[in-house]
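So the mapping is simple: the numbering used here equals the position in the sequence shown, first residue as 1, plus 1044.
Derived by calculation from the structure, the hints in this document are not laboratory data.
Model, not experiment: these values are computed from the prediction.
Some hints could be false.
[To be verified] Okay, the calculated beta carbon distance ranges per label pair:
no.	residue 1	residue 2	range
1	Ala1124	Ser1053	24 to 32 angstroms
2	Val1244	Arg1141	50 to 58 angstroms
3	Leu1237	Arg1328	17 to 25 angstroms
4	Ser1252	Arg1313	20 to 28 angstroms
5	Gln1260	Arg1141	36 to 44 angstroms
Think of the CB as a built atom: it goes at the ideal place given N, C-alpha and C, for glycine as much as any other residue.
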Amino acid sequence: MTSFFKAGSSSDRHYTALRDGAAPIVADGRAFVEMLWTGCSQFLDDGLRQRAPDAYMSTFWELYLAYTLDIHGVGLVPRAQRQPAGHGPDLLARQPRVWIEAVAPGPGEGLDAVREPPNGVAFSVPDDQIILRLRSAIEEKRRRALAYRERGWIAHTDPFVVALNAARIPSAMLEITIPRVVRCVLPFGHEQLVIDRATVEVVDRFFSYRREVLKQSGQPVATDLFLDPAYSPISALLYSCSDEINRPPCAGPDFIFVHNPLASGPVPRGWLPFGWEYWVEGDRLHRREHGPGGIGPGGEADAATQGRSP
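Between the sequences and the hints, there should be enough to build the whole structure, so can you do that?
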């Protein structure tokens, strides 16, 4: 089979470094990508390899996503068997039928760009800026879902999952209790602790209600999308921060799946049989870890979807 990496010029420095690097860690990453390409290219569009020299991360994410779903038994439809074969979302799972659209946002540009952290000194994780990058990608894919519906490529009741990879966003792998991808679409702020001043013991803990973040310009950007019917075309979010080098020994535990309670085409709970799953029931957020050592469902927040302030 033809190698994934092509000789010649490339505008993507990461692609060039990975293709030409001699360090053992780079060679391992390159071999991993070639393995993904050999095993999963049939599920993706024919132009993937041609796009890689100028948009490497998005092509890697499609391959890694297909590979992870495939090895965990989520059956994928080969691209040649789809109608239309050359158009529509990036992946299609069968039984149940679920469309998957992949996106790998970068750090962005301008005042709201996510900057690389300084070396050797403490720094604050730019949480709001990272959320803005994810939000922008989600918004783009909502518009894409509507366009697919208008063209008749997917039905209004078909589940449509937006799969995000944040590996190229600086500091995105640094998380708090509720993952950032959940806080992009449900109005959870930071964890609040109530401390008894007499005993210095924690007597209560909850999450503040936050329905928006602000750009540097002061413009608000909503973070309660999954409580808005306008976002019902998106059934769920699937999320990872892994790349070809920074990844778990076995793909899957790094994935986070977030259900939209207002989805027009809901995905059955447990559809993704690995990683972490989040869903809302009433005014509570629940989670479950799938796979060996799973902890089962558990409440993660106290009434935060309806709002609770400290």
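Verification of the hints:
{"no.": "1", "hint": "Ala1124 <-> Ser1053: 24 to 32 angstroms", "verdict": "30 angstroms, holds"}
{"no.": "2", "hint": "Val1244 <-> Arg1141: 50 to 58 angstroms", "verdict": "55 angstroms, holds"}
{"no.": "3", "hint": "Leu1237 <-> Arg1328: 17 to 25 angstroms", "verdict": "19 angstroms, holds"}
{"no.": "4", "hint": "Ser1252 <-> Arg1313: 20 to 28 angstroms", "verdict": "27 angstroms, holds"}
{"no.": "5", "hint": "Gln1260 <-> Arg1141: 36 to 44 angstroms", "verdict": "42 angstroms, holds"}
In this structure, none of the earlier numbered hints is contradicted; all agree with it.
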